[in-house]
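Using the hints provided, position chain B relative to the given structure of chain A.
Protein chains in written order, with this note's numbering: chain A, 1 to 251; chain B, 252 to 897.
Everything labelled a hint here was simulated from the structure, so no lab data went into it. In this text, a Cβ means the ideal position worked out from N, Cα and C, and glycines have one as well. Take the hints with a grain of salt, since some may be wrong.
As the list claims (entries may be wrong) - Stretch by stretch, here's where chain B covers chain A in the computed footprint (C-beta under 8 Å, at least three residues):
(1) 59 to 71
(2) 101 to 111
(3) 121 to 129
(4) 169 to 178
(5) 192 to 200
Stated by the list, open to error - Label pairs and their in silico Cβ distance ranges:
(6) A:Arg-201 with B:Asp-751: 49 to 57 Å
(7) A:Thr-100 with B:Asp-876: 53 to 61 Å
(8) A:Glu-198 with B:Lys-753: 36 to 44 Å
(9) A:Pro-148 with B:Lys-783: 33 to 41 Å
(10) B:Asp-571 with A:Pro-150: 43 to 51 Å
(11) B:Glu-577 with A:Asp-155: 29 to 37 Å
Single-letter residue listing:
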Amino acid sequence: MEKNINLTLKVWRQNSPKDKGGFETYQVKDISTGSSFLELLDVLNEQLINEGKEPVAFDHDCREGICGMCSLYINGHPHGPDSEITTCQLHMRKFNDGDTIWIEPWRSAGFPVIKDLIVDRDAFDKIIAAGGYVSVNTGGVPDGNAIPIPKDNADESMDAASCIGCGACVAACKNGSAMLFVSAKASQLALLPQGKVEAARRAKNMVARMDDLGFGNCTNTGACEVECPKGISIAHIARLNREYLSAKLQD
Amino acid sequence: MVKIDAKIPEGPLAQKWTKYKADQKLVNPSNKRKLDIIVVGTGLAGASAAASFGEMGFNVKIFTIQDSPRRAHSIAAQGGINAAKNYPNDGDSIGRLFSDTVKGGDYRAREANVYRLAEVSNEIIDQCVAQGVPFAREYGGLLDNRSFGGAQVSRTFYARGQTGQQLLLGAYQALMRQVEKKTVKLYTRNELVEIVLVDGKARGIISRNLVTGEIERHSAHAVVLATGGYGNAFFLSTNAMGSNGSAAWRAYKKGAAFANPCFAQIHPTCIPVHGEFQSKLTLMSESLRNDGRIWVPAKIEDAEAIKNGKLKPTDIAEEDRDYFLERRYPAFGNLVPRDVASRAAKERCDAGFGVGSTGLAVYLDFKDSIERLGKDAIEARYGNLFQMYEKIVDDNPYETPMMIYPAIHYTMGGVWVDYELQTTIPGLFCAGEANFSDHGANRLGASALMQGLADGYFVLPYTVQNYLSDFINTPRMSGNEKEFVEAENEVKERFQKILDIKGNRSVDSIHKELGLAMWDFVGMARNADGLKKAVDKIKSIKKEFWSNVRIPGSKEGMNIELEKANRLVDFIEIGELMAIDALHREESCGGHFREEHQTEEGEAMRHDEKFAYVACWIDKGGDKDPELIKEELEFKDVKLIQRNYK
Chain A
1 MEKNINLTLK VWRQNSPKDK GGFETYQVKD ISTGSSFLEL LDVLNEQLIN EGKEPVAFDH
61 DCREGICGMC SLYINGHPHG PDSEITTCQL HMRKFNDGDT IWIEPWRSAG FPVIKDLIVD
121 RDAFDKIIAA GGYVSVNTGG VPDGNAIPIP KDNADESMDA ASCIGCGACV AACKNGSAML
181 FVSAKASQLA LLPQGKVEAA RRAKNMVARM DDLGFGNCTN TGACEVECPK GISIAHIARL
241 NREYLSAKLQ D
Chain B
252 MVKIDAKIPE GPLAQKWTKY KADQKLVNPS NKRKLDIIVV GTGLAGASAA ASFGEMGFNV
312 KIFTIQDSPR RAHSIAAQGG INAAKNYPND GDSIGRLFSD TVKGGDYRAR EANVYRLAEV
372 SNEIIDQCVA QGVPFAREYG GLLDNRSFGG AQVSRTFYAR GQTGQQLLLG AYQALMRQVE
432 KKTVKLYTRN ELVEIVLVDG KARGIISRNL VTGEIERHSA HAVVLATGGY GNAFFLSTNA
492 MGSNGSAAWR AYKKGAAFAN PCFAQIHPTC IPVHGEFQSK LTLMSESLRN DGRIWVPAKI
552 EDAEAIKNGK LKPTDIAEED RDYFLERRYP AFGNLVPRDV ASRAAKERCD AGFGVGSTGL
612 AVYLDFKDSI ERLGKDAIEA RYGNLFQMYE KIVDDNPYET PMMIYPAIHY TMGGVWVDYE
672 LQTTIPGLFC AGEANFSDHG ANRLGASALM QGLADGYFVL PYTVQNYLSD FINTPRMSGN
732 EKEFVEAENE VKERFQKILD IKGNRSVDSI HKELGLAMWD FVGMARNADG LKKAVDKIKS
792 IKKEFWSNVR IPGSKEGMNI ELEKANRLVD FIEIGELMAI DALHREESCG GHFREEHQTE
852 EGEAMRHDEK FAYVACWIDK GGDKDPELIK EELEFKDVKL IQRNYK
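Bound conformation, chain A alone:
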């Protein structure tokens, strides 16, 4: 059953990208365990505004785990302690009365802090721009049923395509690598006949862009897969590596 709990929050505050930043401590009372984690932050912000202080800035939008906007490093885990969910789907029933909760932004060279808990994830868009698509224009395409696709391939492609681009994989990685993100897109498209045509070129261009943007190398620790809110498998990294190697061999 739902009950109310009291908590101590240690929240990262940083006014601007150049500001040094640090933790502030806040007390919140009577939080319903049926509330979501972001509703906890709403309550905190209402409290801060009523005290004449500036609310905590954090990214969020759909609040149903699909837009990829919310982030947060909660008690040392991207998207908090629960598995296969985003922060907006994390509920307060996962915490106990009297707990202290540490809340930080993503920490990665690829994602500079903008304000408080908000980071800049433009790098992900730039990686997609480098090749994360099938090069077709609007119109002039064949009928949707012209190319049959084995159900298993379509399903596996969909598994990869369920990436929400939140950046938890990068935040979880000790090297700050974006390989899970890159491989999920490369794999989704390479598994389908319409994307297979330019698979090698795509792999090469996306990896090159990722390296340019300052993301680290993948050393197969598997932390990204564990923390991914959508359960994206590191098997896609292996597939990307194969595409990449064959592309390089052809050079």
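Just chain B now, with coordinates in the frame of chain A:
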């Protein structure tokens, strides 16, 4: 004087779009490079339009309030996208999709637009498949379909419960391809705050950089708004937290007609409200109604016992369950349109048969489907939705029925547009949920994705080009013209005025008050007394905002409270116009249910002789009442009948 002219091409319905395309004016490639288009919003409509314009060779600037175009709320659409492919060979056709959509919209949509929508629906599927959208497939490798409300055929294409996500990512990727090619310039965390008119035509926008707080001027030869709906006027809705009606409202304030604002859709299958800190409502896809059966206890004492926690839903015997949709609408059963399903649930709850601790919920039960098809089959179809439900509610829907209740989901009303999707302001176009055009008084499931992509990929590329063909000799503006300077100054004054209030209440606390008034009086069932109360209440909320809101921080740098306040100013005014429109429309149709106008069985009663028109509202400035202009709807190809899902 605003003129309402839908500019519907001559000729038989099925030939209109073909004729339009044959007659439209073109711009040659070297001239396209000299013409600029601003697109605001990166959802299905905005991203697909901008990508297509870029591919055609126009210069495009696209704006989003999010950190990435991929966050737009189209991404949250779960169930699917309709098309008239007739792959399952179950009797579907373009004509059938057209008539289902007009009927589903309760005969308040423009025939010509809806027919075109049905006509291009098949091209959308082909386009998305070519982009690598991983639609669900059969074992034979061909595309799979499922059914949605308001249809007796299977015409909905889907990608698990994440169809909106996959379609948006397809459009987003096409967009980023053009960004890489430099035909499109992308502005993220950047919000439209004013539309700039020069000689009566849309020639640019004023935007606010949400990171630095700077006000920017952007000029173009045409502006496309694809900024979504205004459902968040209700505070609690299935819309994303940032979804807002401000761009559409700026268009209205600049003279564009705003059509049918009171047509808001209440979605029947949402997770019920849990408490006062609730920030938004989560939708459970309509596709669940393919295999889930909706019921409440047939005996009021059982409903009471469930509310008090003395009985569980699984304790209620089969004969003591009231499958009220199957009972009332045997032909369509659990797949009646959304407005019908929502009102039926409200009727049972108001009569005391609701469940859950608040009594404001009904069951959506998969027991029979799991027995019939097995748990694995249900998991394959809805696994991610079941997981989402369990994480939020802490109940396992494989073992106990889901609890659902209606919530605000979509706004059929919006900026008025003609056949070319052009507003009453020349050069200002509006697409997707932000316009009013295709869904009448109620949108059918899986039609929003269809409309967004139809507008962006297959309509605007023709109509905007047709408009721009007259401007090949019109030079670019620098942004230093007096119209831009004046617009920028007005915006700065507006923001300063909000900051200077320095009152005692947070933006959200006032927004919640607005939402309650909207839900109570402008919600699922409306009446004249309530609507008059709503207008008064909203006026007092407006006063409260302008005298008592508190915005911490300054206009420099990121200030989220200031962003929200600026949007709330518009939500308050939108809410007022919704109430005014609902009060004037003395009939029930689709999502607009006036208690005074119902049949003896409690079904919506339309008055076609008086209200078969689009209500177009024109702002008269200040506190003056808006002016109503009517676009009479002519139905030549469908016969107006009372919708019957029995």
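Here is what the structure says about each hint:
1. Here's how the segment 59 to 71 of chain A fares: 11 of its residues keep a CB closer than 8 Å to some CB of chain B, so the rule of at least three is met and the hint holds.
2. By the rule of at least three residues with a Cβ nearer than 8 Å to a Cβ of chain B, the coverage given for the segment 101 to 111 of chain A is violated, with 0 such residues.
3. Note: the segment 121 to 129 of chain A has 6 residues with beta-carbon separation from chain B under 8 Å; the three-residue rule is met and the coverage holds.
4. Here the segment 169 to 178 of chain A counts 0 residues with a CB under 8 Å from a CB of chain B, which misses the bar of 3, and the coverage is violated.
5. Coverage of the segment 192 to 200 of chain A by chain B holds in this model, with 3 residues showing a Cβ closer than 8 Å to a Cβ of that chain against a need of three.
6. The supplied range of 49 to 57 Å is met by Arg-201 (chain A) and Asp-751 (chain B), whose beta-carbon atoms lie about 56 Å from each other.
7. Restraint check, Thr-100 (chain A) to Asp-876 (chain B): a C-beta distance of roughly 56 Å satisfies the suggested window 53 to 61 Å.
8. Checked against the hint of 36 to 44 Å, the pair Glu-198 (chain A) and Lys-753 (chain B) fails, with Cβ atoms roughly 57 Å apart.
9. Range check, Pro-148 (chain A) to Lys-783 (chain B): Cβ separation about 60 Å, and the 33 to 41 Å hint is violated.
10. Distance hint check: the CB atoms of Asp-571 (chain B) and Pro-150 (chain A) are about 47 Å apart, consistent with the given range 43 to 51 Å.
11. Hint check: Glu-577 (chain B) to Asp-155 (chain A), Cβ distance near 33 Å, so the stated range 29 to 37 Å holds.
Checked against the numbered hints given earlier, this structure breaks hints 2, 4, 8, 9; the rest are met.
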